[in-house]
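Engineer: Using the hints, position chain U against chain C.
Spelled out from the first residue to the last, the chains are:
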Amino acid sequence: MKTKRMVTLALMIAISVAIHYLESLIPDITPVPGFKLGLSNIVSLFVLYYYGGISFIFVTLVRVLLAGLISTGFSVSFFMSLSGAVLSIVISLLLYYGLKTSIFSLSITSALFHAIGQLIAYALFFMTPYIFVYLSVLGPLSMLTGLLSAVLVRQLIIRIPYSLLSEEKKRRC
Amino acid sequence: MAENRNIRSDNRLHYHPLKDTLVILFSCLTVASIVLISLFTRPVSQNSYVEIKYGNVLLWDKDDESKETRISFPETGNKVLTYLRSDGPLFLGEGKFFDFYSTNEEEPTVQVTIYADKSIQITKQESPRNVCAKMDRVYFEYTPLVCLPNSFQAVIKSDSGFPQWDN
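Quick note, the sequences are listed as chains C and U, same order. Just so you know, we're using the working numbering here: the first sequence kicks off at 1 and counts up by one. Just so you know, we're using the working numbering here: the second sequence kicks off at 1 and counts up by one.
Errors might be hidden in some of the hints.
[What the hints assert, rightly or not] Partial selection, computed: residues in chain U whose CB lies under 7 Å from chain C:
{"#": "1", "residue": "H14"}
{"#": "2", "residue": "I24"}
{"#": "3", "residue": "L29"}
{"#": "4", "residue": "V31"}
{"#": "5", "residue": "L36"}
{"#": "6", "residue": "V57"}
{"#": "7", "residue": "W60"}
{"#": "8", "residue": "P108"}
{"#": "9", "residue": "T123"}
{"#": "10", "residue": "L148"}
[Claimed, not checked] Some chain U residues well away from chain C (every beta-carbon gap over 12 Å; in silico):
{"#": "11", "residue": "K19"}
{"#": "12", "residue": "T21"}
{"#": "13", "residue": "T69"}
{"#": "14", "residue": "T76"}
{"#": "15", "residue": "E94"}
{"#": "16", "residue": "K96"}
{"#": "17", "residue": "F97"}
{"#": "18", "residue": "D99"}
{"#": "19", "residue": "N104"}
{"#": "20", "residue": "E106"}
Note that these hints are calculated values from the structure, not bench results. Please read these numbers as outputs of a predicted model, since none were measured by experiment. Backbone N, C-alpha and C define an ideal beta-carbon position, used for all residues, glycine too.
Bound conformation, chain C alone (with noise of 0.2 Å):
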């Protein structure tokens, strides 16, 4: 791994986890177990877009391992965390590399499969599987926080100077 890469890449694990942290202050928009705004995940999809897929899988796992530690520690939430992390990871390569889509539906339907990664956690855990219910509630809202976080993605994609990322930019398939 080149040395730019490297640090660029902490970089934007720095940026994700105070990005976390920084979510974690906002207060409740609706008191549904497991919502998040997620946008921790903009800079996710920002790698995916720029790095490709390895750098995409290593920002975003090293990024719950990170908030897992300063938040809760390696609790139920953390596992919640890493599930959904895993689940909305494997879609999303699905899509990119596989169909091809646009980061619209890529970043609506990770988001929708984090929730349920999330669900699938819980349910394992407390041997709950009536918790799937709140997935009529999480699923909407997951979908919003989607779409946001591809319109905020697209729009650094397209401001940020090519020039600062050109040399990743060249390697990117």
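Structural biologist: Same frame as chain C, now just chain U:
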């Protein structure tokens, strides 16, 4: 600017009406299916009771000597069940305490209120986002009140078998 045009022309930054709509539709259908299965496989309401869990351990009303984990609704008014951190040994075994989250020096506590109108509410608990206490009263069966990271859960259940179709 010429370089910027390269990024802007990335096909994946633009909405593809057919492909994207189909993907979003498929995702929505997946979510809708999961929700419908969860809703329709909930047991039929008959004799309902409250189940309170810490992790995977079923808790009972401390005042109930029979240690019945199917906690019944009161005939009138409400019943308040308080679980302190120090109550851990009673439910978890000697020397084990509830690992409730707390930011102050008071003893971490989770309080569940069970109402005669067959609803439940988490009336006291502490956590970073305090989601379960904000959820207010829940009347629906099999809709858990979830307290994280306290690993605490309260849910209304019924005697009927699982799964069954709602009437």
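Engineer: Each of the hints needs a verdict: does it hold here or not?
Structural biologist: Evaluated hints:
With a cut of 7 Å, the hint placing H14(U) at the interface with chain C holds, because the nearest CB-to-CB distance is about 6 Å. With a cut of 7 Å, the hint placing I24(U) at the interface with chain C holds, because the nearest CB-to-CB distance is about 5 Å. The beta carbon of L29(U) is not positioned within 7 Å of any beta carbon in chain C (closest approach about 11 Å), and the interface hint is therefore violated. At a threshold of 7 Å, the smallest CB-CB gap from V31(U) to chain C is about 4 Å, leaving the interface hint in force.
Restraint check, L36(U) versus chain C: the minimum CB separation of about 9 Å is more than 7 Å; hint violated. A hinted interface residue such as V57(U) counts as satisfied when its beta carbon comes closer than 7 Å to some beta carbon of chain C; here the least separation is about 11 Å, so the hint is violated. With a cut of 7 Å, the hint placing W60(U) at the interface with chain C is violated, because the nearest CB-to-CB distance is about 17 Å. Below 7 Å, beta-carbon pairs count as interface contacts, and P108(U) has none with chain C, the closest being about 14 Å; its hint is therefore violated.
Hint status for T123(U): violated, given a least beta-carbon distance of 14 Å to chain C, over 7 Å. The interface hint given for L148(U) holds, since its Cβ lies 5 Å from the closest Cβ of chain C, which is under the 7 Å cut-off. For K19(U), the non-interface assignment is contradicted: its Cβ lies about 6 Å from the closest Cβ of chain C, within the 12 Å cut-off. Not every beta carbon of chain C lies more than 12 Å from that of T21(U), the smallest distance being close to 8 Å; the non-interface claim is violated.
Separation of T69(U) from chain C is adequate, the least Cβ-Cβ distance of about 14 Å exceeding the 12 Å criterion. With 12 Å as the threshold on Cβ separation, the claim that T76(U) sits away from chain C holds: the shortest Cβ distance comes to roughly 28 Å. Interface exclusion of E94(U) from chain C stands, the closest Cβ pair being 23 Å apart, more than 12 Å. Taking the minimum C-beta to C-beta distance to chain C, about 16 Å, the non-interface status of K96(U) holds against the 12 Å cut.
A cut-off of 12 Å between C-beta atoms confirms that F97(U) is not in contact with chain C; the least separation is 15 Å. A cut-off of 12 Å between C-beta atoms contradicts the statement that D99(U) is not in contact with chain C; the least separation is 8 Å. Non-interface status of N104(U) relative to chain C is upheld: no Cβ of that chain comes within 12 Å, the nearest being about 17 Å off. The Cβ of E106(U) lies farther than 12 Å from every Cβ of chain C, with a closest approach of about 20 Å, so its non-interface assignment holds.
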